Amino acid sequence: MPVILDANESPSLEQLLQAIPESQALVTSWQVGPQHAATHRIRGIGPLGSAGVHEISFIVAPKYQSELEKTSACAVIMTAELAQANESICQAKGFGQVICSQPYLLYALVARWFDQAREPVRKGGIHPSAIIDPTADISPSAIIEPYVIVGARTRVSDGVQLRSHTVLGGDCNIGRDTVFYPGVRCYDRVTVGERGLIHSGVVLGADGFGFAPNPAAGVGVWGKIAQLGGVRIGHDVEIGANTTIDRGALDDTVIGNGVKIDNQIMIAHNCQIGDHTAMAACVGIAGSTKVGARCTIGGASMLSGHLVIGDDVHISGGTAITTDIDTPGRYTGVLPAAPHADWQRNAAVMGQLSELRKRLRKLERS
Amino acid sequence: MPVILDANESPSLEQLLQAIPESQALVTSWQVGPQHAATHRIRGIGPLGSAGVHEISFIVAPKYQSELEKTSACAVIMTAELAQANESICQAKGFGQVICSQPYLLYALVARWFDQAREPVRKGGIHPSAIIDPTADISPSAIIEPYVIVGARTRVSDGVQLRSHTVLGGDCNIGRDTVFYPGVRCYDRVTVGERGLIHSGVVLGADGFGFAPNPAAGVGVWGKIAQLGGVRIGHDVEIGANTTIDRGALDDTVIGNGVKIDNQIMIAHNCQIGDHTAMAACVGIAGSTKVGARCTIGGASMLSGHLVIGDDVHISGGTAITTDIDTPGRYTGVLPAAPHADWQRNAAVMGQLSELRKRLRKLERS
Amino acid sequence: MPVILDANESPSLEQLLQAIPESQALVTSWQVGPQHAATHRIRGIGPLGSAGVHEISFIVAPKYQSELEKTSACAVIMTAELAQANESICQAKGFGQVICSQPYLLYALVARWFDQAREPVRKGGIHPSAIIDPTADISPSAIIEPYVIVGARTRVSDGVQLRSHTVLGGDCNIGRDTVFYPGVRCYDRVTVGERGLIHSGVVLGADGFGFAPNPAAGVGVWGKIAQLGGVRIGHDVEIGANTTIDRGALDDTVIGNGVKIDNQIMIAHNCQIGDHTAMAACVGIAGSTKVGARCTIGGASMLSGHLVIGDDVHISGGTAITTDIDTPGRYTGVLPAAPHADWQRNAAVMGQLSELRKRLRKLERS
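So the sequence lines, in the order shown, correspond to chains A, B and C. Under my numbering, residues 252 to 617 are what the first sequence spells out, in order. Under my numbering, residues 252 to 617 are what the second sequence spells out, in order. Under my numbering, residues 252 to 617 are what the third sequence spells out, in order.
Some hints here could point you the wrong way.
Remember, identical chains collapse to one label, so a pair may be satisfied in a single copy or spanning two.
With a Cα cut of at most 25 Å, we get these calculated DSS-like pairs of lysine-lysine [to be verified]:
hint, residue 1, residue 2
1, 344, 609
2, 613, 475
3, 321, 541
4, 321, 609
5, 314, 541
Rather than coming from a laboratory, the hints here were simulated on the basis of the structure. Since the structure is predicted, the reported quantities are computational estimates derived from the model, not experimental observations.
Work out the full structure: start from the sequences and follow the hints.
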């Protein structure tokens, strides 16, 4: 597991490495397992523990060495050091070896190769059930699946895939080779760059949450502030399932190049996210906050509004950021759980900390 | 409120109990309210406080006894003890009584009966607007609603309902009697067992969040790790609205039998959730974490990645789990709110705790 | 940025103010910038920093005065006090001025005017691809876009817009002028009042999360409690993208008038939200909790189930509410992050607080 390809579509080890040009620079030597024919087909890639005899596997760190003894993989990607250190195991098991300076990178390349090899060929063109505004500009190489809707003056570039049920509003602009999975919703005036991956359930450009008290209309009544801005997303951005990015109030909400956004993330109006920043699932970023380049934000973190977070800031999961951060580094704010009774005992003191500090000070002075 | 059925479709108390075979073992006696004819129709079930004269109600604990005096229900499910303790009230109010060892269970059975009685008859077969790959295998008893899409080689078993706009990718396998509410998205290679309930907006099998630094392509650039695994979901699983479960990187993401997952939950790639575990809304579980069987996870909790949580672990709402848990029991990590000024005063000390401990130690030694 | 309208559709300053009747009461005087002709067209509205020469701007507080020197806007909305204090800058820059008692309110009115001016005219009537149950009651002035589905006996009032792919179940009731953006899902028996805005990906009326242990069926097995109630939403409610509001178990889940709900919020079964309460993104409210009127709930806060929160309670972002609150005021419970090492040092003491208190007490007594 997982076997990816049928036997007759699968490469030998030699063919696999040849099919991945980047492997030339990484692989110093390779050999088919002594128990396998040179024509043995490699049908997939799996972890040491679950790979079967038709799969290649890999080892990225010495701590996994014990799994080498148990693997059924027909070949293993490893460093020269690990191969040497485990020479007897490798001989006993008889799997093939691919000696490589960066096994994790080669794993990623092999995985990508299998992913693309099994990808079904998708028919180009516009499905007859798609409803395209006559003023939209659709590249002939774009793939528009069933029940897609594209609004007025929207531009869909070469190689874009709009999977089924995706809706693009008016005046959107989608860069080449970007893929929208089924059921993405873009409101009007959303721009997405090239080579993006936008997963199912994503909503881009819904109204920012802008209200002002309208006491003339009654006690507590909120008046809506129209959200006139758009959303601008750079190149090479991936956006996970059910994430929402709201349109700006006046200026646009802006996502930089190479940003990676996991599932169920909320980015509010007028946020700006710097290039190559990555954020794990369930993060919420309140309005007008600017996050720098190359930051990482751990899952379930929240950032207050109107903050400025500099470049190269790394926020641990579950952390609340409520003030600006201008110094690169790692920031944390999560309290690990404890057995319930212990926690209750200690949490009760949380509400007395200020008083305890006073009492301590008093003792120190006496 | 809520009246469920029209009068002419509604049962008398006798007919209602007869229609629920399980009630035989639970009900020791019952009687129509002295003010009602034996033919009085029961059109729904409601709480004591809001049930009307055409509804049955129930009382599950002595603390609700005071509501008996006010109820308008035509009959009340209760234990013999509570009936005896409230004999005068029952007589004065004149409602019918169903004496029963487990009133909550009987309520659940009655509610289920009304729910099924009002469920519209849905037409079998495939709506002409559904787009089914010719290689898909659809049971003749499945119900495929408008604008559904089913991919290549996907199997849809007997009695499955795919409500409108649901999308199944290729190589999916859906077990019998599972219901997908409108607008569920399954990517390729997702398996769902029998009798599942998958609510609107759920996304199953989107790419796990897997990236590796790719410095050769530029400072901070992320390279995508293809996500080759699938999602495997057991029998009798309910998944709440807008929840996302990502596909595995190599092996599958696995959800056990009888697992109950509320709304807006995020389960990352390669997680494994044990049988009969239940988790309340807004929980996030990071990649590769294993949760045991029969656990409960309170709302808005977050679990870090690569953890192992044993069986029968109960996590309070709002708790962050950052380490393995191998002992059954309840774990907590949420700090209750306080009036703002109090909180500010105490939270400020949080950043000095280590120093305070030192000062205390110094005092102790002096 | 953002230019909104084409030049030939755009008003002069005089025409703009005339087009907004409410401006009469707010504006004490206005003048076209000396460098602009009286016929200069105003094509949009922007912040001081990014507005161009075809846009009007505004200044809401003295702290933004420095931006007046840099703005390119052709006119600025400001108070008489700020105009006087910046007289020389205003003259030097030569922008027009709109002197107004409440600049923020006038900004909101101007923004709303531009928003409506650019809104495309939408064709009334029912798109032929929409599937409407013959027993549904659709106003002739409603707009039903492609791939919409409307269930049995559902009522759609005057001026309602059901954008593409929206699904309404049976027995729903939608008040006049309410707009559903693309891809909203309503289950059966959901009521939405007048003038609502329901954003993409919202799910209304999915089953509440109700289960009871069913030991007869096996260790740990959960039995489902049918969710018989509905969802009732008042007038003038906005619901953000991908928010979910579950149906009640017996009674309805109820959202009051004028409530504003941001994105990715979860409101569980049987909650009641009071009029004009506003909640920011990523809030979760567990089952049966009642929130009063005119409350505000900061982003990523969580409220436990079965609580009663009074009127005029303001909850800071990231706060966990686990007990009733009956006194108006602001409540907080979020710990701000710190540099990782500092946090680790202090968080470790969190698990010793109770013991530290004991040691302090001992010292005090000695």
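I'd like to know which numbered hints this structure contradicts. Please list them from smallest to largest. Violated: hints 1, 2 and 4.
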